[in-house]
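Undergrad: Here's the letter readout for the chains.
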Amino acid sequence: MKKVLFATTALVLTAGVAAADVAVSGDGRMGVLYDGADWNFSSRVRVAFSLSGQTDGGLDFGGSIRADNSAGGAAGTAGEVWISGAFGKIEMGNVVSAPEALFGDLPGVGYTGNDMDINSNVTVNADIPYLTLDNSTQSAMLYTYNAGAFSVAASMTDDTGQDATYGVAAAYTFGNYTVGLGYEDDGTATQAELAGVATFGNTSVKAYYADASDRTLDTGLEVDSAYGIGVSSVFGATTVKGYVQKIDFSAGSAIDSLTWYGIGADYDLGGGATIAGGIADNDFDGFDPVADLGIKFKF
Amino acid sequence: MKKVLFATTALVLTAGVAAADVAVSGDGRMGVLYDGADWNFSSRVRVAFSLSGQTDGGLDFGGSIRADNSAGGAAGTAGEVWISGAFGKIEMGNVVSAPEALFGDLPGVGYTGNDMDINSNVTVNADIPYLTLDNSTQSAMLYTYNAGAFSVAASMTDDTGQDATYGVAAAYTFGNYTVGLGYEDDGTATQAELAGVATFGNTSVKAYYADASDRTLDTGLEVDSAYGIGVSSVFGATTVKGYVQKIDFSAGSAIDSLTWYGIGADYDLGGGATIAGGIADNDFDGFDPVADLGIKFKF
Amino acid sequence: MKKVLFATTALVLTAGVAAADVAVSGDGRMGVLYDGADWNFSSRVRVAFSLSGQTDGGLDFGGSIRADNSAGGAAGTAGEVWISGAFGKIEMGNVVSAPEALFGDLPGVGYTGNDMDINSNVTVNADIPYLTLDNSTQSAMLYTYNAGAFSVAASMTDDTGQDATYGVAAAYTFGNYTVGLGYEDDGTATQAELAGVATFGNTSVKAYYADASDRTLDTGLEVDSAYGIGVSSVFGATTVKGYVQKIDFSAGSAIDSLTWYGIGADYDLGGGATIAGGIADNDFDGFDPVADLGIKFKF
Chain A
1 MKKVLFATTA LVLTAGVAAA DVAVSGDGRM GVLYDGADWN FSSRVRVAFS
51 LSGQTDGGLD FGGSIRADNS AGGAAGTAGE VWISGAFGKI EMGNVVSAPE
101 ALFGDLPGVG YTGNDMDINS NVTVNADIPY LTLDNSTQSA MLYTYNAGAF
151 SVAASMTDDT GQDATYGVAA AYTFGNYTVG LGYEDDGTAT QAELAGVATF
201 GNTSVKAYYA DASDRTLDTG LEVDSAYGIG VSSVFGATTV KGYVQKIDFS
251 AGSAIDSLTW YGIGADYDLG GGATIAGGIA DNDFDGFDPV ADLGIKFKF
Chain B
1 MKKVLFATTA LVLTAGVAAA DVAVSGDGRM GVLYDGADWN FSSRVRVAFS
51 LSGQTDGGLD FGGSIRADNS AGGAAGTAGE VWISGAFGKI EMGNVVSAPE
101 ALFGDLPGVG YTGNDMDINS NVTVNADIPY LTLDNSTQSA MLYTYNAGAF
151 SVAASMTDDT GQDATYGVAA AYTFGNYTVG LGYEDDGTAT QAELAGVATF
201 GNTSVKAYYA DASDRTLDTG LEVDSAYGIG VSSVFGATTV KGYVQKIDFS
251 AGSAIDSLTW YGIGADYDLG GGATIAGGIA DNDFDGFDPV ADLGIKFKF
Chain C
1 MKKVLFATTA LVLTAGVAAA DVAVSGDGRM GVLYDGADWN FSSRVRVAFS
51 LSGQTDGGLD FGGSIRADNS AGGAAGTAGE VWISGAFGKI EMGNVVSAPE
101 ALFGDLPGVG YTGNDMDINS NVTVNADIPY LTLDNSTQSA MLYTYNAGAF
151 SVAASMTDDT GQDATYGVAA AYTFGNYTVG LGYEDDGTAT QAELAGVATF
201 GNTSVKAYYA DASDRTLDTG LEVDSAYGIG VSSVFGATTV KGYVQKIDFS
251 AGSAIDSLTW YGIGADYDLG GGATIAGGIA DNDFDGFDPV ADLGIKFKF
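Residue numbers (my numbering), protein chains in the order written: chain A, 1 to 299; chain B, 1 to 299; chain C, 1 to 299.
These are calculated hints, taken from the structure and not from any lab test. Don't take every hint at face value.
One copy or any two copies: either way a pair holds, since identical chains are not told apart in the list.
To be verified - When the alpha-carbon atoms are kept at most 20 Å apart in a straight line, the in silico SDA-like pairs for lysine to any residue are as follows:
1) Lys246 with Gln162
2) Lys246 with Thr190
3) Lys89 with Leu293
4) Lys246 with Asn146
5) Lys89 with Phe41
6) Lys246 with Gly236
7) Lys89 with Gly270
8) Lys246 with Asp256
9) Lys246 with Ala207
10) Lys89 with Ser253
11) Lys89 with Ala154
12) Lys246 with Ala149
13) Lys89 with Thr203
14) Lys89 with Gly201
15) Lys89 with Asp281
16) Lys89 with Ile275
17) Lys89 with Thr190
18) Lys246 with Tyr143
19) Lys246 with Asp21
20) Lys89 with Thr274
Note that the structure is a prediction, hence the values are computed from the model and not measured.
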């Protein structure tokens, strides 16, 4: 704490008595990654902070940020801060879009998720190709509200240095089924998404269909629609996961479509350690399969 | 811990058994900011570490650093490290100058402090325009000593890559009044500051006068003198704050003077959450008022 | 935590319930540094995280990273992650080479270690000039195994963007003596190291001899061999340390050899605080001695 004599000072109070809680956790992974040409070592270790508190009136608030992107947290472009109550939950920072908030992504495979960019918008991973908020360069806002089986979400970014974007989504759960609808607008393009989840015993299936308008990838390819399905099945300590996704490009594009898939398995060692391996590929000419095998840790 | 067999090794001991304490806290804020043209979202989340220990002989020592500027902490340009005892307190790192250490700044308004640079040295915020140590690019030193109602402070930076700078300050408290005197030298310019605080019940008033010599801002304007006053009043859960500051420029400058002010209110929600809003403006031609409204959190 | 409705999502789980432990520690230092020309202030403050867990089957795992290099931790180029069991210990990340893992470095002097680069590979510090893994730009792997008095280690980096490198080492302890042998290959050069430690009461002596082939420093000097000795002696709260190292360059080099040394003392104040000072120099023409005096803290 900076020593300050006078009582009216407004110096930043970063190191004062904690009025609420900070939980410290971490994750790590180590293994080998086949990038389509060679097997390479790949590892990482990260620390995360989860902040939480409650007002006298019973509103919950909090935030989260990792050590490695904490500079972004101070700029509003990483992590998030939120407040919630009977009105729902308002989050700001590097939040996901409303559809992603409700539908998430398909089940990722491998200990790294088999990320490998082949162009700036299409990667061979389990991410659903949502339109907005994927690479936020400013603080965005996400609102979510749950009322029993019904959930709604709205997200937006302002027009600071870019077009304003927004997204809305809703989901409804009945028995073992959940269905959802989302819509996104990035100022130029729009995209509607239909998503559904079904759970049968230890197996969960998620599928989506996305219909885009005026959405052009950085490669110049114009997306007409995208769809995909993912499955996750638990057999004791083993979880088997897989997904297939396809983008159909608009008539006249250099290629008609791109299909990519991933399949993998996790084996839970207990205590926060999991052995995980996966393979992913697409049907793009000259793109070779990628694969990984390693251990993931949660601390 | 790196595995090392031999006992005389000098590898860095970063992850050993803690011989003293590390407290983890955090802060966050979310809201909307009017930058003079548009309302925009603005949020951030930060984590801070406060380190403390005591030698066998009873000297206290410690340090503080945030996650987001921790790289600066390792370089000596962010955070600080200190030791204190009957001799006073010696701090090194990104410390403030001696006058700022004793007098602080005027009460900031809004949930962001309404920062908006209009030139590199004058912003419409509650910071008193001290001469030295504001943007330290190297480790600086601050010494403070308290003896009952009397406090003194001295600060300095060495001449590595810049002129050596120093500052001295003293303050005296009698009843509800505190007065202080400071002097700073950045190698080119000097500045003397007179500051006073008066506390009446729940209201606190702080005022300063600064007299500069040879101080030229990056805009080419030469500062003759600066003065300001700030007020903070507590009414139950509400704190109302405001300040006015003015710089008189030397004869022949492009403008005669610059006046800026801010006014705002905080409402304490308890548990570390505060609703805060403020507005700030100056009389510079073409500069529009800035304002913000949001929630601040302490974790 | 991001709010996600559907169960099969694969969003990153960074802020979930900790399945294992994260210990937070820190270090700091403050003092003055003589860089051969001027005395300057020098300070720093750092926070470190040590992660640990255990699988249900009894394998230990963990990792370590500091806040200030946490971005490197997420990229695999700083910190490390490890798993260990009866098979030994496997680490990945910014690990040291196998010889350094077993032999460490000579005892560093001063509160800063008297680092001062005089060229990119030779500094006046206590580091033994190992060949590989000193400035890792990718995740490397280190394997260590202990069986009573016998230890072995192997390290390697893959050929991503550079030549593959590897190192092997072994050490044996008998009574107060330990001897070790290491070998490193960076794809171009190789280096063999012989190291020994002897402990007599409160004094510990470490010596090494390194024989290089085709090893050229960035200055163009070709290393023929290097050798050095370090001593650390404890007298109550005081530890006196010193080292001498010499590199003999190959015939025809611009200079025949370079010798450098350091000597210093630490005084333990208890509670994690240590006063430390040191001086280091070399026989390179025009290089002046460097020295420091300050306080080191462990939190």
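Undergrad: Hint by hint, note whether the structure agrees.
TA: Hint check results:
Taking the shortest alpha-carbon separations for Lys246 and Gln162, neither the intra-copy value of 29 Å nor the inter-copy value of 36 Å comes in at or below 20 Å. Taking identical chains as interchangeable, the C-alpha atoms of Lys246 and Thr190 lie at most 20 Å apart only when both belong to the same chain, with a minimum of 18 Å there against 50 Å between chains. For a Cα distance limit of 20 Å, the shortest separation of Lys89 from Leu293 across copies, 18 Å, qualifies, whereas the shortest one inside one copy, 38 Å, does not. With identical chains, the CA atoms of Lys246 and Asn146 are never at most 20 Å apart, being 31 Å at best within one copy and 51 Å at best between copies.
Proximity of Lys89 to Phe41 under the C-alpha cut-off of 20 Å is restricted to the inter-copy arrangement: shortest distance 16 Å between copies versus 41 Å within a copy. Taking CA atoms no more than 20 Å apart as the test, Lys246 paired with Gly236 passes in neither setting, with 31 Å inside one copy and 60 Å between copies. Within a single copy, Lys89 and Gly270 get their C-alpha atoms only as close as 33 Å, which misses the 20 Å cut-off; across copies the closest is 19 Å, which meets it. For the identical chains of this complex, Lys246 and Asp256 are intra-copy neighbours only, at 11 Å inside a copy versus 66 Å across copies, given an alpha-carbon limit of 20 Å.
Within a single copy, Lys246 and Ala207 get their C-alpha atoms as close as 12 Å, which meets the 20 Å cut-off; across copies the closest is 63 Å, which misses it. Taking CA atoms no more than 20 Å apart as the test, Lys89 paired with Ser253 passes in neither setting, with 41 Å inside one copy and 52 Å between copies. With identical chains, the CA atoms of Lys89 and Ala154 are at most 20 Å apart within one copy only, with a shortest distance of 11 Å there and 48 Å across copies. Within a single copy, Lys246 and Ala149 get their C-alpha atoms no closer than 30 Å, and across copies no closer than 58 Å, so neither meets the 20 Å cut-off.
With identical chains, the CA atoms of Lys89 and Thr203 are never at most 20 Å apart, being 30 Å at best within one copy and 36 Å at best between copies. Within a single copy, Lys89 and Gly201 get their C-alpha atoms no closer than 31 Å, and across copies no closer than 39 Å, so neither meets the 20 Å cut-off. Taking the closest pair of Cα atoms, Lys89 and Asp281 never come within 20 Å of each other, the shortest separation being 38 Å inside a single copy and 33 Å across copies. When the C-alpha separation of Lys89 and Ile275 is checked against a cutoff of 20 Å, the pair qualifies only between copies, where the shortest distance is 16 Å, while the shortest distance within a copy is 35 Å.
In this assembly of identical chains, the alpha carbons of Lys89 and Thr190 never lie at most 20 Å apart, being 25 Å within a copy and 52 Å across copies at closest. Taking CA atoms no more than 20 Å apart as the test, Lys246 paired with Tyr143 passes in neither setting, with 29 Å inside one copy and 42 Å between copies. In this homomeric assembly, Lys246 and Asp21 never come within 20 Å of each other (Cα to Cα): the closest approach is 43 Å inside a single copy and 41 Å across copies. In this assembly of identical chains, the alpha carbons of Lys89 and Thr274 lie at most 20 Å apart only when taken from different copies (17 Å versus 32 Å within one copy).
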